Amino acid sequence: MIYRFRKMKSVMYLSCFSMLFFLGNSSASTVSLSNPYPSTYNPGDNDPTAIIGATIFDGNGHRIEGGTILIEHGKIKEIGSNIAVPSGVKIIDATGRWITPGVIDSHSHIGVYPAPAVRGQVDVNENVEPNTSQVWAEHSIWPEDPSFDRAREGGVTTLLILPGSANLFGGRGVVVKNVPSVTEQGMKFPGAPYSLKMACGENPKGRYGAKGRSPATRMGNVAGYRKAWIEALEYNKKWKISREKHENGQSAEAFKRDLALETEAGVLNGDILVQNHCYRSDEMAVMIDVAKEFGYHITAFHHAVEAYKIRKLLAQEGICVATWSGRGGFKMEAYDAIEENAALLHQAGICVAIHSDSPVLSQRLNIESAVALAAGRRIGINISEEDAVSWFTSNPAKILGISDKTGSLVPGKSADVVIWSADPFSVYAVAEDVFIDGSLKYSRNDKKYQHVSDFDLGQHAEAP
Amino acid sequence: MRGYIFLGFFSALVLIHNARADTSVYTNAHIFPGDGAPVIDGSMIVRDGKIVATGKNVPLPVGARIIDLEGKIVTPGFISADTSLGLVEVPSVGGTNDTRGGTSRLSAGVDVQYALNSDSNYIDLAREGGVTSAIVLPEVRTGDDVIVFGGQAASIKTVRGLAILSHAKVGVTLDLGEAGVATGGSSRAADMVLVRSALDDVKLYMKKRAAYEIGKFRPLTFSREDLDALVPVLERKIPLIVSAHRASDILQAVNLVKEYKLKIVIRGGEEAWRVAKILADADIGVIVTPTSDLPETFEKLGATMKNAGLLAKAGVKIAIIGNDKTQSVRELRYNVGMASARGLPLSKALDTVTINPAKMFGLDKTVGSLVKGKDADFVVWSGDPFEPLSQALSVYIAGVEQPLLSRARALALRYSGFSQ
Numbered sequence: 000m001i002y003r004f005r006k007m008k009s010v011m012y013l014s015c016f017s018m019l020f021f022l023g024n025s026s027a028s029t030v031s032l033s034n035p036y037p038s039t040y041n042p043g044d045n046d047p048t049a050i051i052g053a054t055i056f057d058g059n060g061h062r063i064e065g066g067t068i069l070i071e072h073g074k075i076k077e078i079g080s081n082i083a084v085p086s087g088v089k090i091i092d093a094t095g096r097w098i099t100p101g102v103i104d105s106h107s108h109i110g111v112y113p114a115p116a117v118r119g120q121v122d123v124n125e126n127v128e129p130n131t132s133q134v135w136a137e138h139s140i141w142p143e144d145p146s147f148d149r150a151r152e153g154g155v156t157t158l159l160i161l162p163g164s165a166n167l168f169g170g171r172g173v174v175v176k177n178v179p180s181v182t183e184q185g186m187k188f189p190g191a192p193y194s195l196k197m198a199c200g201e202n203p204k205g206r207y208g209a210k211g212r213s214p215a216t217r218m219g220n221v222a223g224y225r226k227a228w229i230e231a232l233e234y235n236k237k238w239k240i241s242r243e244k245h246e247n248g249q250s251a252e253a254f255k256r257d258l259a260l261e262t263e264a265g266v267l268n269g270d271i272l273v274q275n276h277c278y279r280s281d282e283m284a285v286m287i288d289v290a291k292e293f294g295y296h297i298t299a300f301h302h303a304v305e306a307y308k309i310r311k312l313l314a315q316e317g318i319c320v321a322t323w324s325g326r327g328g329f330k331m332e333a334y335d336a337i338e339e340n341a342a343l344l345h346q347a348g349i350c351v352a353i354h355s356d357s358p359v360l361s362q363r364l365n366i367e368s369a370v371a372l373a374a375g376r377r378i379g380i381n382i383s384e385e386d387a388v389s390w391f392t393s394n395p396a397k398i399l400g401i402s403d404k405t406g407s408l409v410p411g412k413s414a415d416v417v418i419w420s421a422d423p424f425s426v427y428a429v430a431e432d433v434f435i436d437g438s439l440k441y442s443r444n445d446k447k448y449q450h451v452s453d454f455d456l457g458q459h460a461e462a463p
Numbered sequence: 000m001r002g003y004i005f006l007g008f009f010s011a012l013v014l015i016h017n018a019r020a021d022t023s024v025y026t027n028a029h030i031f032p033g034d035g036a037p038v039i040d041g042s043m044i045v046r047d048g049k050i051v052a053t054g055k056n057v058p059l060p061v062g063a064r065i066i067d068l069e070g071k072i073v074t075p076g077f078i079s080a081d082t083s084l085g086l087v088e089v090p091s092v093g094g095t096n097d098t099r100g101g102t103s104r105l106s107a108g109v110d111v112q113y114a115l116n117s118d119s120n121y122i123d124l125a126r127e128g129g130v131t132s133a134i135v136l137p138e139v140r141t142g143d144d145v146i147v148f149g150g151q152a153a154s155i156k157t158v159r160g161l162a163i164l165s166h167a168k169v170g171v172t173l174d175l176g177e178a179g180v181a182t183g184g185s186s187r188a189a190d191m192v193l194v195r196s197a198l199d200d201v202k203l204y205m206k207k208r209a210a211y212e213i214g215k216f217r218p219l220t221f222s223r224e225d226l227d228a229l230v231p232v233l234e235r236k237i238p239l240i241v242s243a244h245r246a247s248d249i250l251q252a253v254n255l256v257k258e259y260k261l262k263i264v265i266r267g268g269e270e271a272w273r274v275a276k277i278l279a280d281a282d283i284g285v286i287v288t289p290t291s292d293l294p295e296t297f298e299k300l301g302a303t304m305k306n307a308g309l310l311a312k313a314g315v316k317i318a319i320i321g322n323d324k325t326q327s328v329r330e331l332r333y334n335v336g337m338a339s340a341r342g343l344p345l346s347k348a349l350d351t352v353t354i355n356p357a358k359m360f361g362l363d364k365t366v367g368s369l370v371k372g373k374d375a376d377f378v379v380w381s382g383d384p385f386e387p388l389s390q391a392l393s394v395y396i397a398g399v400e401q402p403l404l405s406r407a408r409a410l411a412l413r414y415s416g417f418s419q
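Going down the list, the protein sequences come from chains A and B.
Residues 0 to 463, numbered by numbering that gives the first Met the number 0, are exactly what the first sequence covers, in order.
Residues 0 to 419, numbered by numbering that gives the first Met the number 0, are exactly what the second sequence covers, in order.
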């Protein structure tokens, strides 16, 4: 089933390329899906490095005892147990320690729902109308949110920053590298696709129903999605006609861009991924039908505490799940949350990620994964640790559309690496060194590599 | 600890001739008693729901049921010092939610013992995480009314069945800082005066009860029920449970202790590490959520995962709790482990979820450690109890093994062999 998923992704990439090709030939007056807010990310110093002696979980289901990782130009050059270390390479002896790929949080609001979470800078929900596909989370991100630093201390190297779930269409999410930066552009993950945040259930219907407007029910939610997709299809059609006329040298009316429809059209064209907040299994099944009605693919259901009830369906459709292990119960649609969710999904061949939705939980996705792993073993699902590492590394990379770039320790991918003091499934494990693109961005034993955000700097209560 | 083992040994000898059919002996166990050194390859004798002896080479009473624990780890059942267990089923469903305190008519007088729902699913979840006792606290209702106090807390056992209430009126809650302002006055400057005014009224009420009864009294802000609830606080019989985060707010609570000779427990206390010595000297305990390490508000700028370790090293009695008051009560054991990895000495780790919370709320005569005379509330673990990969294999309350089948686990079992 994971194979099926990969196949679908490659189709999406193809459509992405063809769109870019086309855009290269289009004039600025036609709709543009190119990126007007480019990344300025700079990986920083990354000397050739060899990390030796550790137990390595590569994120792809392998465990290497006493392994070596060679890093060059910020990429993994070689990984294995019998690798000759070339001379002139910086050597880090990690004997007795553990290594995983950098932790990836597939559902975060750091920077948009920051700490301190005070009115002046909470920018997560544009909750004034149920469809706000036009807003982009990156335009809310406050890079000085101290939560970024705390997450990095927990081994988090990449995050998907999403708008909130108050709306049916919440807006665009953006993938960031968890590096200290004064600007959001300096964190933006180069080449990562955008995501559209959609939300089912209680949040949108509760938010707008309470205001006496639609959606007030789940059927109202679905009518809202369908109305938007009908308009997006129409928009796409008009744009294509306009494009063809333009290409054929015929006169065409100037095409006026619509930011919301542009994002939705990006989904229909396969350029933009869909991250769908949805708790209940019956609602997820409806959302799958909505996606089929309009010809788009849902990349992942988020929270999805009832996903375990529809494992066959999710496997068949190649949809990933980003979920918790322990959270649930706080509202009706979370009533059937079980700790065994991730293990049951994994067993069914579904790509599953343990996500946070919380700047506190983001710091310990390894431990939250251990809880999910233990829950599976309790009911006889014996998943190995080397497989479960995928829940906070390679699987979220798939959900973010960046698995060709990071998420596992294989030659050619980014050297996003965490050295842990102990087995990462142990509660006593702490991240000792965190590399992003081969550059040391956090070190537990060196203050020089412990970034303090401008907000924390100089406060009276700085911890020892 | 040596003394305990000796005593245990002695009473076990006496038992040889006294053993009855309801005596159980748990042998071949690594027992971490929660107050003192671990007993490796030890035994524990339980009779009539109470612990009779814990120790190494304890002679087996004749006729006792022998349970071989095959080298497993045994700890006291954990005590969560700050929960809403039994007060709420689905927080967003108002009808199931009794966590909120009173109105301007009733403040400290609110009493959670009357709201306890023994069938709450959250109680099952907590028990599965090895929690056998919990303090249930009312929250302070926010609004325009002047309320100040949250109400009276209770202690429960997470026993399956209707009889969960263990002790009513084990403390009275009070919020300081931002939450206090939301329930008291318009600022900290007003809130602290209202708190003092209330405590002064209680002192007067205690002194001149007869005059109050015949209506010869100046008007008081708080009702009779509120005053009655606060009397044992001023008598130092039960603690005032004070929610405070900022160091300066915590010091205001310390001032109350000095002025009114109160016994208090701090809840939250993100910046408590900054005033650790003062808290240790005043013997003020702190209920800590180690994972609360972000400056979520301006009163938590000093929040750090090192808080628990810094406090414990300074000699402050701390109780560690899970990540919320309901679903995640069970996560207290992971939080102990994470705090241990960040400075909490392992020798003090187990105390934070056993004997420390028991002492904070005056429950240490019956729970909190596995020593003679206390309730046989204990957990058999598959490994290190603070590790997520370890599981509670069996949970005993008053010597009775409890079912570990929450609604969540029933769902997992139903769907493990079935899916659409």
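FYI, nobody ran anything at the bench for these hints, they're computed from the structure.
Computed from a predicted model, the values in this text were never measured in an experiment.
For each residue, glycine too, the CB sits at the ideal point set by N, CA and C.
Take the hints with a grain of salt, since some may be wrong.
Claimed, not checked - Calculated cross-link-like contacts (lysine-lysine; reagent style DSSO-like; alpha-carbon spacing at most 30 Å):
1) B:K257 / A:K447
2) A:K239 / A:K311
3) B:K358 / A:K447
4) B:K257 / A:K446
5) B:K358 / A:K446
6) A:K446 / B:K347
7) B:K257 / B:K358
As the list claims (entries may be wrong) - Going by beta-carbon spacing under 7 Å, a handful of chain A positions derived as facing chain B:
8) A116
9) L232
10) L312
11) G327
12) F329
13) I337
14) V359
Each hint, compared with the structure:
Pair hint K257 of chain B plus K447 of chain A does not hold up; C-alpha atoms about 43 Å apart against a cutoff of 30 Å. Proposed proximity of K239 of chain A and K311 of chain A is contradicted: the alpha carbons are some 37 Å apart, above 30 Å. The suggested pairing of K358 of chain B with K447 of chain A is violated, with an alpha-carbon distance near 42 Å, which exceeds 30 Å. With a C-alpha separation of about 40 Å, the suggested pair K257 of chain B and K446 of chain A falls outside the 30 Å cut-off, and the hint is violated.
Only pairs whose Cα atoms come within 30 Å are accepted, and K358 of chain B paired with K446 of chain A is rejected, the gap being roughly 39 Å. Of the pairs offered as hints, the one joining K446 of chain A and K347 of chain B holds, with about 28 Å between alpha carbons and a cut-off of 30 Å not exceeded. Pair hint K257 of chain B plus K358 of chain B holds up; C-alpha atoms about 20 Å apart against a cutoff of 30 Å. Checking A116 of chain A against chain B by beta carbon gives a least distance of about 6 Å; that is within 7 Å, so the hint holds.
With a least beta-carbon distance of about 29 Å to chain B, the hint placing L232 of chain A at the interface is violated under the 7 Å criterion. Against a cut-off of 7 Å between C-beta atoms, the interface hint on L312 of chain A holds, since the closest Cβ of chain B lies about 6 Å away. The interface hint given for G327 of chain A holds, since its Cβ lies 6 Å from the closest Cβ of chain B, which is under the 7 Å cut-off. At about 5 Å, the closest approach between the beta carbon of F329 of chain A and any beta carbon in chain B falls short of 7 Å, and the interface hint on this residue holds.
The interface hint given for I337 of chain A is met, as the beta carbon of that residue sits about 5 Å from the closest beta carbon of chain B, less than 7 Å. Satisfaction of the interface hint for V359 of chain A is found here, the shortest Cβ-Cβ separation to chain B being roughly 5 Å, below the 7 Å cut-off.
Hint check: violations occur at hints 1, 2, 3, 4, 5 and 9; the rest are consistent with the structure.
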